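Engineer: Sequence:
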Amino acid sequence: MVEFFDKNNQIVEELSTEFITTDPVYRYADKVLKNDKNEIIIVEYQNSKLKSQDIKRFMVYTALAIEKQKSKVRIFILYTYHVKTQELWDYGPIIFKPEIFSLKEIEGDKVLKRLKEKIKNKKTLTRQELHELRFLPFFKSKEQPKEILKQTVKLTNELTEIEQETLETLKKGQAILARRFIEDEKEFNLIMEKIKMKTNVFRELVDEGIEEGERKGRNEGIETVAKRMKKQNYPIEEIMNLTKLTKKEIENL
1 MVEFFDKNNQ IVEELSTEFI TTDPVYRYAD KVLKNDKNEI IIVEYQNSKL
51 KSQDIKRFMV YTALAIEKQK SKVRIFILYT YHVKTQELWD YGPIIFKPEI
101 FSLKEIEGDK VLKRLKEKIK NKKTLTRQEL HELRFLPFFK SKEQPKEILK
151 QTVKLTNELT EIEQETLETL KKGQAILARR FIEDEKEFNL IMEKIKMKTN
201 VFRELVDEGI EEGERKGRNE GIETVAKRMK KQNYPIEEIM NLTKLTKKEI
251 ENL
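Each residue of the sequence shown is one higher than the one before, counting from 1 in our numbering.
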């Protein structure tokens, strides 16, 4: 996804998202990559305005990544809504200036048309195109996000050349977005049936009671799933969106 905002970036490796502080506390970035210049790129997705604790967390990530990787580190913050200005935080000897972008800058309808054509012709999607497919509902479009989501679910089920792990990652993200964008329960259930096609990825979540737990408030079941997702290195934001727990509640599990 970062190549969309910086054409000079050629990602060559995806790294662990885990950062261990001296507390000891395990912290997880949304995405950690290495490009062809040997730079470390930490990607964070934001759906709300940055707070001071967010900046401090990013600074910790940066310091730990520099220590661990011995490389230059860049922070990419990708907002899911429109942002107009870049920001910097001046802490005296340290000036922290992440690279801020909005997914709304991307012309989603053009991307959707291109992906439809490629999938129709049975061509294999690149890593970048798979990221586009995942985040299409956040891109600029004439249609509502939930309608774009329905189309991405259909396209995902039409993919023929895709690794199972990648397919499951796509579908997990789509399930989270379905809960976010679709309020009507009947409509939600219909799209979930399509999301579950071609994979057993949700069996574990169903067994843990996440779907029923979310609707009926079964906190114990929700916390159990949050713990398992956290252990499997899911981004905090995804766990928050799916379980409706706060970041603090998840970090304290």
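These are computed hints drawn from the structure, not numbers from a lab. Among the hints, erroneous ones may be present.
As the list claims (entries may be wrong) - Quick list of in silico lysine-lysine cross-link-like pairs, DSS-like style, CA-CA up to 27 Å: (1) K37 / K49; (2) K31 / K70; (3) K70 / K120; (4) K51 / K120; (5) K140 / K194; (6) K31 / K244; (7) K186 / K231; (8) K116 / K231; (9) K198 / K172; (10) K118 / K154; (11) K56 / K68; (12) K104 / K198; (13) K186 / K31; (14) K198 / K49; (15) K49 / K196; (16) K116 / K68; (17) K68 / K113; (18) K244 / K230; (19) K186 / K49; (20) K97 / K56; (21) K120 / K97; (22) K120 / K194; (23) K34 / K146; (24) K68 / K104; (25) K172 / K31; (26) K244 / K70; (27) K196 / K56; (28) K113 / K70; (29) K172 / K244; (30) K97 / K172; (31) K104 / K172; (32) K248 / K196; (33) K51 / K110; (34) K49 / K70.
Nothing here was measured: the structure is a model prediction, and the numbers come from that model.
Engineer: Now tell me if each hint is right for this structure.
Structural biologist: Each hint, compared with the structure:
no.: 1; hint: K37 / K49; result: violated (30 Å)
no.: 2; hint: K31 / K70; result: holds (18 Å)
no.: 3; hint: K70 / K120; result: violated (44 Å)
no.: 4; hint: K51 / K120; result: violated (43 Å)
no.: 5; hint: K140 / K194; result: holds (24 Å)
no.: 6; hint: K31 / K244; result: holds (21 Å)
no.: 7; hint: K186 / K231; result: violated (32 Å)
no.: 8; hint: K116 / K231; result: violated (35 Å)
no.: 9; hint: K198 / K172; result: holds (13 Å)
no.: 10; hint: K118 / K154; result: holds (14 Å)
no.: 11; hint: K56 / K68; result: holds (18 Å)
no.: 12; hint: K104 / K198; result: violated (30 Å)
no.: 13; hint: K186 / K31; result: violated (33 Å)
no.: 14; hint: K198 / K49; result: violated (37 Å)
no.: 15; hint: K49 / K196; result: violated (33 Å)
no.: 16; hint: K116 / K68; result: violated (41 Å)
no.: 17; hint: K68 / K113; result: violated (41 Å)
no.: 18; hint: K244 / K230; result: holds (14 Å)
no.: 19; hint: K186 / K49; result: violated (32 Å)
no.: 20; hint: K97 / K56; result: holds (12 Å)
no.: 21; hint: K120 / K97; result: violated (42 Å)
no.: 22; hint: K120 / K194; result: holds (18 Å)
no.: 23; hint: K34 / K146; result: violated (32 Å)
no.: 24; hint: K68 / K104; result: violated (33 Å)
no.: 25; hint: K172 / K31; result: holds (16 Å)
no.: 26; hint: K244 / K70; result: violated (36 Å)
no.: 27; hint: K196 / K56; result: violated (38 Å)
no.: 28; hint: K113 / K70; result: violated (41 Å)
no.: 29; hint: K172 / K244; result: holds (15 Å)
no.: 30; hint: K97 / K172; result: violated (31 Å)
no.: 31; hint: K104 / K172; result: holds (22 Å)
no.: 32; hint: K248 / K196; result: violated (30 Å)
no.: 33; hint: K51 / K110; result: violated (33 Å)
no.: 34; hint: K49 / K70; result: violated (30 Å)
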